[in-house]
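Letter by letter, the chains look like this.
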Amino acid sequence: MKEKFVSLVKSRGATGELFEIKTKHRSVNFENNHFKGIDEGEISGFAVRVKKDGKMGFSYAMGDARLEDVVNSAFEVLRFSKDYMFEFSSEKEIPEVKCYDPEIEKESREDAMDLGEELVEYVRSLKEEMKVNFSQSSDIIEESIITTNGFDRSFKKTVKTISLGGFYTEENNFLEIYAEQSRSLNNLFDIETLKEKFKTDILASKNNVSVKSGAYPVIFTPFAVSDLMLPLLVAINGKNVISGVSLLKGKLTKEVLSHNFTLIDNPLLSGGAFSFPFDDEGTSAARKELISKGQLLNYLADRDVSSRLGIRGGNAQRSITSVPVPSSSNLLIQPGDVSVSDMLSVERAILVESLMGVSMGNISGGFVTGNVELGYLVERGKILGRVKNAMINLNIFDKLKDIALSKENIWVSKFISPYIYVPDVSVSSK
Amino acid sequence: MERIRALTKRKDVDYLEVRVEKGTESAISLQGKDVETVKQGNFLGGNVRVLVDGVWGFVYFTNLDELPEKIDYAIGQAKLMAKFVKNKTGLAYVPPTEVKIKANVVKNPFDIPLEDKVKMFTRYADLALSSDKRIINVRVQYKDKFKTLYFANSEGTYVEQEILDIGGYIVPNASDGKITESTIVPFGSSETFEVAENLEEEILEKSKLAVSLLGAEQPEGGEYPVIIDQDLGGVFIHEAFGHLSEADFIFENEKLKEIMRIGNKIGSDILNVVDTGNIRGKRGALLYDDEGVKTVSVDLIKNGILSGHLHTRETAFKMKEKPTGNARAINFKFAPIPRMRTTYIKGGNGTFDSFVKDIKKGIYAKGSFGGQTNGELFTFVSEEAYLIENGKITKLLRDVSLSGNVFKTLKNIVGVANDFSIRDSGGGCGKSGQWPLPVSHGAPHIYISKVIVGGKR
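From first to last, the protein sequence lines stand for chains G and L. Count the first sequence with my numbering and you get residues 30 to 459, in order. Count the second sequence with my numbering and you get residues 131 to 587, in order.
Chain G extracted, bound-state conformation (with noise of 0.2 Å):
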């Protein structure tokens, strides 16, 4: 295929990109407390870019198909591109990254099972009304990728998942509680911590507590800052740079967050789901720091924006079916140096776990807006009870200005953060 298609490109006197993933699934799930069964399934597919005077174009294939037409298919719409001033990687260099694990390959499904049952006969000793789900999943993907300028590497990974959610219901209560890890190292999974969090909001969410609408701290915990930094990641791409929309164009240096947040996108990352040695593009990945004490030092590029803004590439991410973006990988927040029983011990807060319609809030304009989910009102070091019909309402680049930091941080799936304690928020309620 690789000859074909360089081949093929060439005699067309253009470049070109052939991108191809393979992946094997497998999930074992539990619903509603049971054992349902085991979803399998093989995909594969490739797509292909070619560029021939600064245009570009993409065509791509599942199942059953021939080269020479996704090709054909990609030079038919290069017309209509706008012009690309980025060359296919001809990268030699590409750093060593742990992102395999045969473990996780090999792992039976009986395994699975038994931490299944486990962790649904745990929540239901806490809380047995509940009703449990449970689905560990795991993706062998293989992806290669061949330019006409000479890259052609592929790497091996694994991503591993574990999700719990409990969900207990009265009339006019439900309480849904949910968790996840992912990793691409069997070693790395923290059951533990998936366990405590159960027991903590099943303990909170005893009795509701109801809040006035007005200013109150936040403290978001480490399960509820992918929430929080939607408008962040947003504003950081690239992408949005240039066109217009981030609100931190024209802004790398200047102090834009807190002084004490750093936060650093790391493909490098042992172990994390979202770690490989080289990009959707095959550009080689590197840990980036984005901003530094409050500092905005970089954005998130794939190779167009490099090209565009003069910075570093490295984090494009693309499906077969789509074109590369820039995106996040794993991204680690910096602890901070107040302990959490130090953060809850402040006279009057709220501790949120989950946010319900941020992502369809303003965030290209900065705004965090959204129902409490999960969350407790604390007042000096203790939780009253689950606050429910309360809307948080603010905006990060106001609000996240002088803010408090956990030294504890957990990691999640693509964050590993601390909780996040924010003084001065809008809250809605009744």
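If you're looking for bench data, these hints aren't it; they were derived computationally from the structure. Quick caveat: nothing in here was measured; it's all calculated off a predicted structure. It is possible that some hints are incorrect.
What the hints assert, rightly or not - Under the rule of at most 20 Å between Cα atoms (straight-line distance), these lysine-lysine pairs were calculated in the PhoX-like manner: (1) L:Lys232 / G:Lys156; (2) L:Lys586 / G:Lys241; (3) L:Lys152 / L:Lys232; (4) G:Lys51 / L:Lys463.
Said to hold, decoys possible - Simulated DEER-style distance windows between Cβ atoms: (5) G:Arg95 / L:Gly206: 24 to 34 Å; (6) L:Ala233 / G:Glu120: 44 to 54 Å; (7) G:Arg95 / L:Asp144: 33 to 43 Å; (8) G:Lys111 / L:Asp144: 27 to 37 Å; (9) L:Glu384 / G:Asp453: 35 to 45 Å; (10) G:Asn216 / L:Asp144: 35 to 45 Å; (11) G:Glu139 / L:Lys308: 50 to 60 Å; (12) L:Gly560 / G:Asn202: 21 to 31 Å; (13) L:Met131 / G:Lys33: 22 to 32 Å; (14) L:Ser427 / G:Asp453: 44 to 54 Å; (15) L:Ile523 / G:Glu120: 54 to 64 Å; (16) L:Asp306 / G:Thr229: 54 to 64 Å; (17) L:Asp144 / G:Asp143: 26 to 36 Å.
Don't be surprised by glycine CBs; every beta carbon is placed ideally from N, CA and C.
Chain L: place on chain G using the hints.
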């Protein structure tokens, strides 16, 4: 396809089905004036699902030559698992059927040269960008997909169904350097490219609105009487009640069965809600579901009384109800689960003007950026909103999110207007990792006495 049919005739299983999906799609995306991507792609894949001794086996694949082995594998899988499954399952009966359905195409997007499509969308982008300096960017997304679904099962059902899906949106972004605001011109259809045409006027209006929103205030957070328009009303009923009606949520949960029992008073008397596959041209239009079951319209709420659930054959069996044709899978990688099709609130007797007059201090929310629910709580985000003071619409508000308790809110509906409409969007519904499934929703203007509005304090 005769081969597939022959392969499903197995005696050593309770049930076996094969689903194969073959199709082609194209997409155009613009960022500002630049054509970002024009792509074409083809896909082919399938799956086998078997039921052996009350236990499911499911396998998907992209290499169709392996189908016989995959069938054996899925059966083996289910047999192996049988000893671990305590909760055996079954399927509600449906009569075997044989049918071939052609897509109902009015204006086929695949007949239109890519040149013309790109030209039109570029014109749209230019229009938005040149309408005002403060429109700093516009995003255009367009996608069309044509697929044929082949379904055969061991009961002798064979359904071959063509499905066309068209969707997209134009999003103007306005910014004054400090604030950014977006609006959206969505479109979607299952039969005609016409929905993507002649959007110039609306794009200009929405660009103007995005700029106006820069100067608007956020509402003061709190509880208000709220009027929602047809788009938001549709999203509201989809989120707030549609998902609750999906029987996989209910069928193994005794407490939910009680809450969602047919005959329960669930909403105010004026509330009528339907889910149907039978509205032609809508993205939620569907004649047969992914279990080969002919779709039926379901009255979910009739005069405030809960009247139906949305089923797969399995959930119908477990709840001793009839299958409704709501078993849907986004693609061959997934087994079907209960999903909505076109969900809507029926028109009533009220009028928008009378609702406004009735409100001393409240909010009128229009247009949708989407919604989310966990069963009890829901959130949705409006595109634009207005303050209502003493029976009059006064000022424009930005970034309005609405939230509440599903059950209380359904009972707090105090007005249903007579101006029902359904507008398709280019997005879709997400559930259990299956996103974006084409669905439609609509409503008339709805007046709700209490809704929590997020905002400044």
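Practice item. Could you check the hint for me, namely that Ile523 (chain L) and Glu120 (chain G) are 54 to 64 Å apart, CB to CB? Key: holds, 59 Å
Check your understanding: When you take the CB atoms of Met131 (chain L) and Lys33 (chain G), is the distance between them in 22 to 32 Å?
Key -> Holds, at about 31 Å.
Practice item. Take a look at whether the Cβ-Cβ distance between Ala233 (chain L) and Glu120 (chain G) falls inside 44 to 54 Å. Key: holds, 45 Å
Review point. At the C-beta level, are Ser427 (chain L) and Asp453 (chain G) separated by a distance inside 44 to 54 Å?
Key: For Asp453 (chain G) against Ser427 (chain L), whose Cβ atoms are near 50 Å apart, the range 44 to 54 Å holds.
Check your understanding: Quick one: are Glu384 (chain L) and Asp453 (chain G) within 35 to 45 Å, going by C-beta?
Key -> holds, 44 Å
Review point. Do the alpha carbons of Lys51 (chain G) and Lys463 (chain L) lie within 20 Å of each other, as the hint requires?
Key: holds, 14 Å
Exercise for review: Mind checking the hinted window 27 to 37 Å against the Cβ distance between Lys111 (chain G) and Asp144 (chain L)?
Suggested key: Given range 27 to 37 Å: violated, Cβ gap about 55 Å.
Check your understanding: Is the Cα-Cα distance between Lys586 (chain L) and Lys241 (chain G) 20 Å or less?
Key -> holds, 13 Å
Practice item. Return holds or violated for the Cβ distance of Arg95 (chain G) and Asp144 (chain L) against the range 33 to 43 Å. Key: holds, 39 Å
Exercise for review: Below or equal to 20 Å on CA atoms is what counts here, so check Lys152 (chain L) against Lys232 (chain L).
Suggested key: holds, 14 Å
Practice item. State, for the Cβ atoms of Asp306 (chain L) and Thr229 (chain G), whether the hinted interval 54 to 64 Å holds or is violated. Key: Given a distance of about 43 Å, which is not inside 54 to 64 Å, the answer is violated.
**Study point:** 20 Å limit on alpha-carbon distance, applied to hinted pair Lys232 (chain L) and Lys156 (chain G)
**Key:** violated, 52 Å
The structure fails hints 1, 8, 16 (numbered hints given earlier, in ascending order).
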